[in-house]
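K.L.:
Chain residues, written in single-letter form:
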Amino acid sequence: MKGVRVLVGTKKGAFILTSSKKRQSWKIEGPHFAGWEIYHMTGSPADPDRLYVSQTSSWFGQVIQRSNDGGKTWETVGNEFKYKGEAGQHQWYDGSLKPWEFKRVWHIEPSLTDPDTAYAGVEDAAIFRTTDGGKSWEELPGLRQHGSGPQWAPGAGGMCLHTILLDPARPERMTIAISAAGVFRSEDHGKTWTPSNKGLVSQYIPDPTAEVGHCVHRIASHPDRPDVLFMQKHWDVMRSDDAGANWYEISGDLPTDFGFPIAVHAHEPETIYVVPIKSDSEHYPPDGKLRVYRSRKGGNEWKALTKGLPQKNCYVNVLRDAMSVDRHDPCGIYFGTTGGQVYASADDGNTWQTIAGHLPAVLSVEVQSLS
Amino acid sequence: MIRVQLPAPLRRLTKTEGLVELEVSAPVTQRKLLDALESRYPMLRGTTRDQHTQRRRAYVRFFACGEDLSDASPDVPLPAEVAVGKEPFLVVGALAGG
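Each protein sequence line maps, in turn, to chains A and Y. Here this note's numbering is used: the first residue of the first sequence is 3, the next is one more, and so on. Here this note's numbering is used: the first residue of the second sequence is 41, the next is one more, and so on.
This is chain Y alone, in the form it adopts within the complex:
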């Protein structure tokens, strides 16, 4: 089971608390993870990546296992610790503004 940590505004939008758990088939990639996330929570469509281009929104970052994966290819397998549910995949709103 993949575990995903959403930022507070998206937890309020999805009415969830804590980590979201998802089933994603191997190999687990960022694209498949976000597809599964949006399939379970359709209100998240367009909130982390553009619905047309699939590009990550500018002020959204992705982290896992202490690594910034924001600019990694969405089709590269995520770290094994994420794929087995040991470490969460973090969706983070960038610190922007005062």
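In isolation and in its complexed conformation, chain A is listed as follows:
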């Protein structure tokens, strides 16, 4: 097909939304894997019809689904995520130490060049890789065994590795983020890792400028400028111009700098999007108004985007993996809410339409531009 395919993971199944390049009328198909939590569904940049799904349940554990035909048919593939060597211990909420225990896959990041290779970010935090299309998964243990593990702690959602950035210019470089440990970078295909949290200040941890322990919610970059990273932290929107070596704050005039997702415009590397949330204990938009904020200057100066979004009595959240952009021109912006709405803009965020209104709570949104 041509046009756009939006892959939506929800608390009770997966949905696939499709449209032409105009992105005005939408077809909703699903639920796939009904009743299961779909933490993430995504496609391979090298083969858009190769899809991977993290299907999970507190009752029945982890399942990975794969499609080779854009979601028409599915097959279960490997779901064994075994930590290499000694599992080790991390901090628990009360400050005690707890052994690493696999719970679920939060995020799957397919290779930029090989449909059979993908990375999985899991809870308890670790990174795994498949090179056989998901049949088997092998941990890259250098991250978990970095040595700072006893200082890692779970965020409210669990100790999850939720972001994996692959650098198109340097295949050996990978950048990941863990809540709540922070950002780590590898320059050797994931063999060894170093913390990349200099400049982050988190008042809610014992040492606000600690090397690790920060609750990073999401990081994003533009493929043409992979050294520029944007971060939505628990509080604070941050930026790095040196691939994460140093961070500085760009919250600027946002009404609140708490939030979960952050996204970069497909064609304008200095244009970024966030969804401000009132506070860490009030996970809904300020004043009951759902507003996406856009900065065209790489941060600090923000504009509220409201046309087509509810501007009263709106108390939903937008989770960290639930915002994405397409590659068309003008750029399409998409996000899903815990209230089950999926909103889309086909004009850089200027106006929005509801493309799904009554889904289960949305956990993830990914977009494929098909040609």
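Honestly, I wouldn't trust all of these hints.
[Unchecked claim] With a Cα cut of at most 30 Å, we get these calculated DSSO-like pairs of lysine-lysine: (1) A:Lys13 to Y:Lys55; (2) A:Lys291 to A:Lys29; (3) Y:Lys55 to A:Lys105; (4) A:Lys74 to Y:Lys55; (5) Y:Lys126 to A:Lys84.
[Stated by the list, open to error] Okay, the calculated beta carbon distance ranges per label pair: (6) A:Gln313 to Y:Arg43: 48 to 58 Å; (7) Y:Val116 to A:Pro101: 55 to 65 Å; (8) Y:Arg43 to A:Gly290: 51 to 61 Å; (9) Y:Gly58 to A:Gly5: 34 to 44 Å; (10) A:Thr75 to Y:Tyr99: 24 to 34 Å.
[As the list claims (entries may be wrong)] A few chain A residues facing chain Y, derived, Cβ under 8 Å: (11) Ala36; (12) Ser60; (13) Gly63; (14) Ser69; (15) Leu167.
Derived by calculation from the structure, the hints in this document are not laboratory data. Here the structure is a predicted model, which is why all the values come from computation and not from measurement. Positions of the beta carbon are idealized from the N, C-alpha and C atoms, including for glycine.
Assemble the complex: chain A is given as a structure, and chain Y must be docked to it using the hints.
P.N.:
Structure of chain Y alone, referenced to chain A:
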């Protein structure tokens, strides 16, 4: 023929309806039954018991003949009525949540 009743989420995963029937050699134990189940339906690996430790998942329970067998040794023979297929072995998702 052993008969196994799966909970709805696992019936959807295996694309089965009603009871699943399995051949299991005597003596029929929980471990051999689950081994046979996972051999026939590989997508069930890890869904009722941990793939590494073989421990039952916390929110999964096993029942048969009106008895809760969840904490029984996996190597103890199951009731004769299960072994001859008269009574089903029930895999149950615990009632948890609101």
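K.L.:
All hints are to be evaluated individually against the structure, with a verdict given for each.
P.N.:
Do the hints match the structure? See the list:
1. Between A:Lys13 and Y:Lys55 the CA atoms are separated by roughly 20 Å; this keeps the pair inside 30 Å, and the hint holds.
2. Among the hinted pairs, A:Lys291 with A:Lys29 is consistent with the structure: their alpha-carbon atoms are about 27 Å apart, no more than 30 Å.
3. For the proposed pair Y:Lys55 and A:Lys105, the alpha carbon gap of about 24 Å is at most 30 Å, so the pair holds.
4. A distance of roughly 16 Å separates the Cα atoms of A:Lys74 and Y:Lys55; the hinted pair therefore holds under the 30 Å criterion.
5. Proposed proximity of Y:Lys126 and A:Lys84 is contradicted: the alpha carbons are some 38 Å apart, above 30 Å.
6. Between A:Gln313 and Y:Arg43, the C-beta spacing of about 57 Å keeps the proposed range 48 to 58 Å intact.
7. Between Y:Val116 and A:Pro101 the beta carbons are some 29 Å apart, a value that contradicts the proposed interval 55 to 65 Å.
8. Judged by the Cβ atoms, the range 51 to 61 Å given for Y:Arg43 and A:Gly290 holds: they are separated by roughly 54 Å.
9. Remark: the range hint 34 to 44 Å for Y:Gly58 to A:Gly5 is upheld by a beta-carbon distance near 41 Å.
10. Hint check: A:Thr75 to Y:Tyr99, Cβ distance near 30 Å, so the stated range 24 to 34 Å holds.
11. Checking A:Ala36 against chain Y: minimum C-beta separation of about 6 Å stays under 8 Å; hint holds.
12. For A:Ser60, the interface hint holds, the least distance from its beta-carbon to any beta-carbon of chain Y being 6 Å, beneath 8 Å.
13. A least Cβ separation of about 5 Å between A:Gly63 and chain Y falls short of the 8 Å threshold, and the interface hint therefore holds.
14. Given hint, A:Ser69 at the interface with chain Y, is violated; its Cβ is 15 Å from that chain's nearest Cβ, farther than 8 Å.
15. This hint is violated: A:Leu167 has a C-beta 29 Å from the nearest C-beta of chain Y, more than the 8 Å allowed.
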